[in-house]
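Please model the complete structure; the sequences and the hints are all you need to start from.
Those sequence lines, one after another, are chains A and B. In terms of my numbering, the first sequence has 267 at position 267, counting the first letter as 1, and numbering is strictly consecutive. In terms of my numbering, the second sequence has 512 at position 201, counting the first letter as 1, and numbering is strictly consecutive.
Derived by calculation from the structure, the hints in this document are not laboratory data. Please read all numbers here as calculations on a predicted model, not as lab measurements. Even glycine gets a Cβ: it sits at the ideal position worked out from N, Cα and C. It cannot be assumed that every hint is accurate.
[Unchecked claim] Across the chosen pairs, the derived CB separations fall in these ranges:
(1) A/104 to B/391: 56 to 62 Å
(2) B/587 to A/57: 18 to 24 Å
(3) A/104 to B/561: 55 to 61 Å
(4) A/106 to B/528: 50 to 56 Å
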Amino acid sequence: MIEAQQLTKRYGEKTAVDGLDFTVKPGTVTGFLGPNGAGKSTTMRMIVGLDAPTSGSVTVNGHRYARHQAPLQEVGALLEAKSIHPGRSAYHHLRALALTHGIPRRRVDEVVELAGLGSVAKKRAGAFSLGMGQRLGIAAALLGDPQTVMLDEPVNGLDPEGVLWIRNLLTSLADEGRTVFVSSHLMSEVALVADHLIIVGRGRLLADTTVRDLVREAGGDTVKVATQDPARLRDVLAGPGVEITGRIGTEELQVTGMSAREIGLKAAEHGIPLFELTTKAVSLEEAFMELTRDAVEYHGSTGTETSGSAA
Amino acid sequence: MSTLTATPETPEAATRAPARPVYRVTGRRVLASEWAKLWSLRSTWITLGLGLLFLVAFGVIAASHYKSNLDSGRHMDRDFATATAVGLSLFGTNFAQLALGVLGVLVTAGEYSTGMIRSTLAAVPRRLPVLWSKAAVYGLVALVVATAGAFVAFLVGSRIVSGTPAAMGLGHAGVVRSLLGAGLYLGLVGVIGAALGALLRSVAGGISVLVAALMLVPGLVSLLPTSWQGDIDPYLPSHAGESIFALTHDSTTLSPSAGLLVFLGWTALALAGAAYRLLRSDV
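Okay, here's the thing in structure tokens:
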């Protein structure tokens, strides 16, 4: 369980994180989404105490991260930037971290195997490929067998095989009942694994929602209809809650608020021939773009309001 | 390490996950971790080896040089003419302090330049135990290596100069104190290096300030008016440090114990600065 309350981080003039409130509930996979520079990494660094909030607070399982007697057992974090000494072997890196907590050697071997590092564990970590480095980061995150695993852009720069590995890992972590908090700027990546979404833009919370709700709020499904007489079909379909758009001079209409089946029946009832009748689901990516684009505009036009509405 | 004695586990946590092992960060464990970190890097072995080599080799070279000058009957400058076996053997201290100080900087600043510090502080988010452990572990290692080096340099060097006016044995008054003092001085230089590395978070910056403090500042002070010099000079890190292991003392130098106290003061100051920055700044 991670709880942020009015979490704020300023670097001089720039506000990286601006009054964030959110809760990452136990036992869920929560996606942390936002364009680059939205404050995701800063937020995650504040969660594990690497950065101190300018104001507000964030707690892990009820306490500040640093207050825990065994922090690695509460949250395992994979941060975006490499956090290893390139001259040390993967094994010695993990062993040094394990020693701080009294984590037995056996567990180090376990996470080495789990991350698929068995054959390279004794090699200098500086020689690792990006994918291997990421596996080492994940091995370190799992060292304390934490209930919450937090990963910052875990698939960034990985090859398809690496992406697949991370995806399966996230799913298996969730299946074990762990809380997974994973950030990304790619909705498509997160949507595959996440139930819950926290969406930020320019350091502000844009949405705290679920994948299903996000799609529904973004306008739900549209039906594309093509007919010889769009004007007449328009009249026939018109009704409360139904929205019809279409360009003049074309035979196509976009209908929301009615299912393809209803449209087909209505058209047949009035003897209007249809050439095409397709349900087009709003992709999550579109919904996400819509949301973050609005945020950018909002910030651009009402900059003076920012301080007042942050409270 | 009292800050590390954590509160007892809440009953809630115990009932929620009874099967989970109980881990806990303690001061002793952070020490063990820093010990493991130090020895798992090749640079540690290389730099310590260099420090030891400088200490012994330059001591032996200085002793041989003295002996050959004496044998050939050439004129020697005054410093050299009044040399003792201890002074000659510890000639390498100046060079060894560079190697050991630089390794001290690497121990802390190296974590910042590589990003390792994020892993370190995520594991020990209270932070200060990391600094104390690094300083203690590395200071102790540097002390042991330097003391061993000083004794080896003296044993070899004193054999070379035996039968000359500089000859001395371990039994001579003040010799053992000098050699131990040299080890202590170099150990503390290591701690200062580590503190500067943590304070400046940059390998280049840490080394620069270390070299400036130990080698350049005395030169700069000599440009000051003479009346000031006498008041400042003995208290400079390098001069206070030298008086810890110098065999003879005069009115312009501090006594060994006073020198040690002053040098400890400089060490504490550097550590305090490092601790302040560690607690205050984001990483």
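Status of each hint after checking the structure:
no. : hint                       : result
1   : A/104 to B/391: 56 to 62 Å : 59 Å, holds
2   : B/587 to A/57: 18 to 24 Å  : 23 Å, holds
3   : A/104 to B/561: 55 to 61 Å : 58 Å, holds
4   : A/106 to B/528: 50 to 56 Å : 52 Å, holds
Checked against the numbered hints above, the structure violates none of them.
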